[in-house]
Each structure stands twice: as C-alpha cells, then as structure tokens.
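Novice: Assemble the whole structure, with the sequences as input and the hints as a guide.
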Amino acid sequence: MKSARLLVIGWFFQLKMLSRSSFNGILGILYPLFFATVAFLMYRAGSPNALLYASLGASVMGVWSAVSTSAGSAMQRERWQGTLELLVSAPAHFSLVMLPVTVAMSTIGLYSMAATLLWGWLLFGIDLHVAHPLLFCVSIVVTVVSIGVTGFLMAVAFVRYRTAWALGNLFEYPVWLVAGFLVPISLFPGWVRPISWLLAPTWGMNAIRESALGGTPLPDVGLCAAIGVGCLVLGIAVTGTVLRSARARATLALT
Amino acid sequence: MAAIEAHELRRTYRTSIGVFRRRTLEVEAVRGVSFEVPEGELFGLLGPNGAGKTTTIKMLITLLIPTAGSARVLGFDVVKDAREVRKRIGYVFGGERGLYERLSGLDNLRYFAELYAVPPRNQRPRIEELLELVGLRGREKERVEGYSRGMRQRLHIARGLLHDPPVVFLDEPTIGVDPVGARELRSTIASLTQAGKTVLLTTHYMFEADELCDRIAVINKGEIVAEGTPRNLKEIVADRTVIEIEAFGIDDTAVERLRSAPGVTSVSVEEREQAQVLLVQSAKGLELTQTLLGLLNGATIGRVVAREPTLEDAYVALVGEA
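Chains A and B, in that order, are what the protein sequence lines are.
Position 140, counted from 1, in the first sequence is what our numbering calls 140; the numbers after and before it change by one each time, with no gaps.
Position 179, counted from 1, in the second sequence is what our numbering calls 434; the numbers after and before it change by one each time, with no gaps.
To be clear, the hints were calculated from the coordinates, so they are not data collected in a lab.
Fair warning: this is a prediction, and the values are worked out from it, not measured in the lab.
Keep in mind that the hints are not guaranteed to be accurate.
Claimed, not checked - Stretches of chain B that chain A covers, calculated by requiring three or more beta carbons in the stretch to come under 8 Å of a beta carbon on chain A:
id, stretch
1, 304-318
2, 332-343
3, 352-359
4, 363-374
Glycine included, every Cβ here is placed at the ideal spot set by N, Cα and C.
Specialist: Printed below as a string of structure tokens:
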C-alpha cells in the first residue's frame, strides 16, 4: 500500500515538474507536427488504412522519444540538481523513486501521441476510425506503461554513468525502426526480428494497430505487458547492484 | 551505545590523468578516522577544504562505501544495514542544490515526506510544524527557484527533519548564508539537541563550532589531529599569545620572515577587503610586537592588537602545524 502510494505521488510530482518546462512544452507541440508530417509523406500514396497505420506508428514514436531521451537525462537532471544523493539516501527503495519518473515521462508522451493523431486528422485528413475502441484504449495504456518501465530499466542501468543522456539518445532512432513504428518489421533482415521481439514497444505498436484497424490485439497486449513486467523485475533486481557500484566508485555526486 | 561510531574509516578515490597515456591515481581522502558521538551530543567536525569532512559524512550516511574500516549509526552498520541507517538519519548540506526548483517549497516537502515514509496522516501537521520552525511559513507555496539562499537552506533543514530522525548530519549548513540568516540557522541547530537529537556538524566557521558544539574533532589531510570540547582545544594554545597586525601590501616573503622569527609558532593571513590581517602566535610572555613590526619594514601598518587565543587560533595551530 505504501509502495503504491509512493508510486502515485511520485508520478504526480514528476508530471508537475515536467509540465512546468516551457522548453519541453514547445517540443511537445513541434514533435507531433513533425511526426504526423513524416507519416503522411511516407504513406500518402496508400489507402486510408495505410495512412492510419502510419499515423498510429508516428504517434507511438512520440511516446518512445519522450522516454528514451529523458530516461538518461533524468539521472543527469537529478545529478545537476544535487537531488540524486538525496534520493539514494532516502529509506524508500530506489526503484520506487525512479519508476514514477520514467512513467511520468511516458505520460507526457501520451500527449504527443494524441497530438500526432490530431495533427494528422486536422492537417492531412487522416481518418481516425478505430475498430475496437475499448481494446484500443487498453492497448494504449499498456503500451505507455510498458515503455515507461523500459525507460526505468534504462535509467537504473545508467545510474553510474554521468553521460547517460547520450546513451538515452542513442536508443531513440534505432527503436523507431526495429519496433516497426513506421516501417513493417518484415522489411528488415531476419536477424533484426529477434531484437524487435524483445522490445515492449514492438508488441504495443502491434496491439494499437490491431485494435484500430480491426484485428486481434489481445496476444500483443499480453506480450507487451509481459515484457514490461520483465523489464520491471530486471530493473528492480539490478538496482541494488548498480547503486552499490556507484557508492563504491563514488560516482553519485559527479555532475 | 554511541549514536555514531567510526572505526579506522578509510576512503580512497581513483582518478585518472592524461589524454593518450592515461594513468590512474589514488587519492586517500580519509585515512583511518575514528570517533564516537554519544546520543544527544552535538559533535563538530572541523577542517580545511579537502580535509575529508564531507567524505567522512558520506560514508556515515551510506552514500559512499568505505575502502576500509567500519561505521555504525545507532548500532546499524552503514554498509550492511544501509536501509536501517537511512530510516534513522537526516542529511542536510549547504549550498543551493538539492531541491526541485520548479516545485514550490511545500511540494518539495510533500515529495520528500513520501520518500522518507512519513505516515500520510502526519505529513500535513509535520510540514506545518517544520515550516514554522525554519521560518518559511507564508512562502511555502512559492517556487523554490525564487527563493533566496537563506530560504533554500532553511528548506533543506526542514527536508532533513521531515521524518523526525534521531541522528542528523549537517554538512556546512550555513555556508554562503548572510549573517542574520546564519544566526537563525544556528539557533535552529541548537534547538535540535534540545529536542534530544544527535547532531554531527561540519563547518568552517570556528565561532559557530564554539557556540554550538559539545565536542569537536579537527580533521586535516584525512586524519583527526585533535578531539575534545571547545575548551579543551583552546587549552592547546593557552600558553600562547596572538598578535593581530593589520597591514597593506604584504607579500609572501614578508610572511616567511615572520614565520622564521624566534619565538613565533605560527603565522596565518586573512584577507579583509584591501587589508591583510596577520595572526601571529607566539609563546605567552614574549614581547615580540616591535620585532615583528621591524620585520615588516616598508609595509603600511594599521591596527596592532595582542589578545588571548580563541578556538580559531587553536584550529590554525592544529591545521597549520600538522
């Protein structure tokens, strides 16, 4: 109960902090415009379903970008603010402190997702017809939370490193491709596919498309949730080891 | 049982130099520090920059793992029982960092109250009590980015006390705070021991240590060079006299001339605006004023005063002569 409360309150305060950055606010407006334009230009010669396929992909790109770039910089931000040591020296388990940070980031990405779909509809007339509205909502929630949890694993793994923000950026574009946000995974060489299967965004993307375009999203929802849980368990498991290493190497106070 | 026990604590940092031929260097920041702080005592750790004060505190609050030695807080080992230690300690450091700038003071306290597991029903009254204690009542809803340095420091203290910890570590809490603000902070710190808390305080300010601490350890180059009550430490230099010479345009050669003068035990220089104040310690009973002024021949001399040694003089003697 205490842990659940800490997660919810942590998420609320992190969201409050993120929503107060005017710079992030401007990016939040510009990014969906960019993503929607890319999707439209790539698929404008296709059918309405192809346009919706691309538009949905572009919308999840926003969620992933918000989390991947911010997961690394979250640590950097805590270092610069001098709060990382306070978070580590708090009695709460560090995973309960970090998880709300990245889930708050993916929640901000949810706005980007909605804005991308809206931009696509307003500017390019991409029809937003959804075949299974309820499953569509479930798919979105599971995808957003799973991406947030993936970000948590990245953030925890990066605790020791001062240049973690660069590692976070490094993951942004490759995952756009291998998770099939804009281009079907079947177009990539066979060896890429196992990498895609290990990523929660791949299954989340499939689930959202299946529910919107009329398919069977539940297996994809299940796999997305399972990989998210896997990331969570792994993140919690490595937290102790990573923090001990950071305390031994005295890297917590470095900026 | 002592509230804080440190036994032969050591901490080595590894750093590397060079671009193409990188070499690893080991720096011994703390070299076998031992002390005990009984419950309810306000213990001061004094030392110059880089002496090892903050490293020692960070080992005690579980942020750094000692390279060797051991430490316990309220009987819990700082390495093996880190979580138990964290539940029972508060940590406050000086400076402007360590707060969420975009949140209000109140939101910062609410967030840390959750992290420190303050029961939900106690949070509101506890935060109100602490806002009153540190004098931030009425400003708590403003964003921290608009706070003055003194206000931030007071917010830090409130944050460190949220979970009512029995042991509080204060790492240079008054650094950079204006004199009035620092006086208020000192009064807050003094009230902590009155409330039964054990406090470990590091500071550069001798008058602060003299006013607040029950006992003091002086740390220099990673080792404790003296330990005792402020009175005990002052006795180290009780057999000395201090001559304060206000001068203008003194160079290092002149200071060296004073150091080598017969009867002089130590010389330190304080910069005060355009003037320099030379603090010359010598054995009691020696009349050195004229000799010293002769050695400063050519410099413009202001006020010259001979006085009894203070804690600061004891500190200078300990750190300067180590």
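Novice: Next, verify each hint and record whether it holds.
Specialist: Against the structure, the hints:
Figure legend: the stretch 304-318 of chain B, annotated as covered by chain A; annotation consistent (4 residues with Cβ-Cβ distances under 8 Å, at least 3 required). Coverage of the stretch 332-343 of chain B by chain A holds in this model, with 3 residues showing a Cβ closer than 8 Å to a Cβ of that chain against a need of three. Under a criterion of three residues with beta carbons nearer than 8 Å to beta carbons of chain A, the stated coverage of the stretch 352-359 of chain B is upheld, 7 such residues being counted. With 7 residues carrying a beta carbon less than 8 Å from a beta carbon of chain A, the stretch 363-374 of chain B meets the three-residue requirement, and the given coverage holds.
The structure agrees with every numbered hint stated previously.
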